[in-house]
Amino acid sequence: MAVKNILEQLNIIRRCQRYNLSLWQCPQFLFLIMGGIIIVSSLATYVIGNRYIEDPLIIALVVIFITTLLFIIAFIITQSFERLAEANRMKSEFVGIVSHQLRSPLSNLKWVIELLMSGRISTVSEKQAEYFRILKENSERMRELVSDLLTVSRIEQGKLFFKKERISLQGLIEKVIKEVEIFSKASNVEISFDSEENLPQIIVDPDQIKLVIGNLLDNAIRYIKERGKAEIDLKKKNDNLYVEVKDNGIGIPKDDQKYIFQKFFRSANIKRHRTEGSGLGLYIAKSIIEKSGGKMGFKSQEGIGSTFWFVLPIK
Amino acid sequence: MKLKFHLHLRPLKRARYMKTILFIEDESVLQKTFREIIVQEGYQMISALDGETGLRVAKEKKPDLILLDLILPKIHGFDVLKKLKEENETRDIPVIVLTNLEGLEDVEKTLKLGATTYLVKTNYSLEEILEKIKKALGE
Chain A
1 MAVKNILEQL NIIRRCQRYN LSLWQCPQFL FLIMGGIIIV SSLATYVIGN RYIEDPLIIA
61 LVVIFITTLL FIIAFIITQS FERLAEANRM KSEFVGIVSH QLRSPLSNLK WVIELLMSGR
121 ISTVSEKQAE YFRILKENSE RMRELVSDLL TVSRIEQGKL FFKKERISLQ GLIEKVIKEV
181 EIFSKASNVE ISFDSEENLP QIIVDPDQIK LVIGNLLDNA IRYIKERGKA EIDLKKKNDN
241 LYVEVKDNGI GIPKDDQKYI FQKFFRSANI KRHRTEGSGL GLYIAKSIIE KSGGKMGFKS
301 QEGIGSTFWF VLPIK
Chain B
1001 MKLKFHLHLR PLKRARYMKT ILFIEDESVL QKTFREIIVQ EGYQMISALD GETGLRVAKE
1061 KKPDLILLDL ILPKIHGFDV LKKLKEENET RDIPVIVLTN LEGLEDVEKT LKLGATTYLV
1121 KTNYSLEEIL EKIKKALGE
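Order-wise, the sequence lines are chains A and B. Take the first sequence: its position 175, counting from 1, is numbered 175 in the working numbering, and each next residue is one higher. Just add 1000 to wherever you are in the second sequence, counting from 1, and you've got the working numbering.
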């Protein structure tokens, strides 16, 4: 049993996967690196000591002393790293469980509101309908937030699974545009889509990629002040398909740009402009694209607009 | 003397053979809300609040369609589905899974077990679910 335990401890790659961290952030791997550093420094101490100190006993003592000291420091550091990683893992798990629990009362609410609005129980006056709509919009917002939180917790736990389907990205984008049409018309935003002909199909999870395009388009429409234009461009670039969503909205202030893909981050000018939004959309979008083997980025200028782009490999 | 009728509900849409829908779901609010709509549409609805009752009622009443939640007391929805598809009497009843689980592995598992459709509660409106039911009933 003890041997099995030790072997388990030594299986660094598996332990690192548990935390869904990269190798260089993983406590066990860092401990191994520290071990290497300790051995090298002990040897260095020996070599230097040998040159300046006559008595071999003192050299041995110095080497032992320094090695022990380094070992203790390394142990303390990796221990606290491991506690942090564990706390982070538990937090993601907690968020996942809580969001899931929130879904039941939310679906109860949703169905009851829909029933009331449908006029199936009794006729609905205009005033009532207005307030039902507010109820519905807010429960919808809550649903989106919970769904985003669940996705984030899945991403962090490495539990976001991807289907693999061969699809046409052009068709997918057209679908998303159709879905946001009502919203874009209500916001006086014109959407244009420009695509190269005869593009190859790619293998991705269509639902996830749809979510990404939907998120980018939604942002573009949301942050255009009054009337405006959102332009989508799809083309082949080397071995990738390149998608660009360009808007002439309020843009992202320079100081905020480096934080834009962080969880819960919302730019100051956006908060002035619109109150809703969880600050999770771009984090989720970037994670999905990266997990699909692609890359995502943006350029933006405050007051002029933003351009978000991503590439997906043609396999 | 004249008789007066006050009909508060909309008249039932189908007077012909009444199809029966069994709803296996532990949230009584969802049961109640759904019943309002389903009855108005001219179906009969039977409720079961846990997996065990659901299985028993399915065998006894042989409904035309089963709506099944996954996280259920006593017997989990996966096992309910499995047993429904194993028994001769219930094998051919279409089953729509109606749940809040949306993991890809859950979807694949239920479809493999023989469910007709998989719907995530919060992603569909009542009317959309009604459409799916009609489709599954072949209407």
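Treat the hints as calculated values from the structure; they're not laboratory data. Since this is a predicted model, take the numbers as computed values, not measurements. Be aware that a few hints might be false.
Short, incomplete list of chain B residues facing chain A, as computed with Cβ under 7 Å [as the list claims (entries may be wrong)]: (1) T1033; (2) L1104; (3) T1116; (4) T1117; (5) V1120.
Under the rule of at most 25 Å between Cα atoms (straight-line distance), these lysine-lysine pairs were calculated in the PhoX-like manner [unchecked claim]: (6) B:K1019 with B:K1032; (7) B:K1112 with A:K164; (8) B:K1082 with B:K1135; (9) A:K178 with B:K1062; (10) B:K1135 with B:K1112; (11) B:K1032 with B:K1109; (12) B:K1019 with B:K1062; (13) A:K246 with A:K175; (14) A:K178 with A:K254; (15) B:K1135 with A:K159; (16) B:K1062 with A:K163; (17) A:K291 with B:K1082; (18) B:K1132 with A:K210; (19) B:K1134 with A:K163; (20) A:K210 with A:K178; (21) B:K1132 with A:K163; (22) A:K163 with A:K236; (23) B:K1074 with B:K1134; (24) B:K1109 with A:K136; (25) A:K175 with A:K235; (26) A:K237 with A:K225; (27) A:K127 with A:K210; (28) B:K1082 with A:K175; (29) B:K1019 with A:K210; (30) A:K159 with B:K1132; (31) A:K295 with A:K254; (32) B:K1032 with A:K175; (33) A:K136 with B:K1062; (34) B:K1109 with A:K164.
All C-beta atoms, glycine included, are put in the ideal place defined by N, C-alpha and C.
query = Of the numbered hints stated previously, which ones are contradicted by the structure, given in increasing order?
reply = Going through the list in order, the structure violates hints 3, 4, 5, 9, 11, 14, 15, 16, 17, 19, 23, 24, 26, 27, 28, 29, 30, 32, 33 and respects the others.
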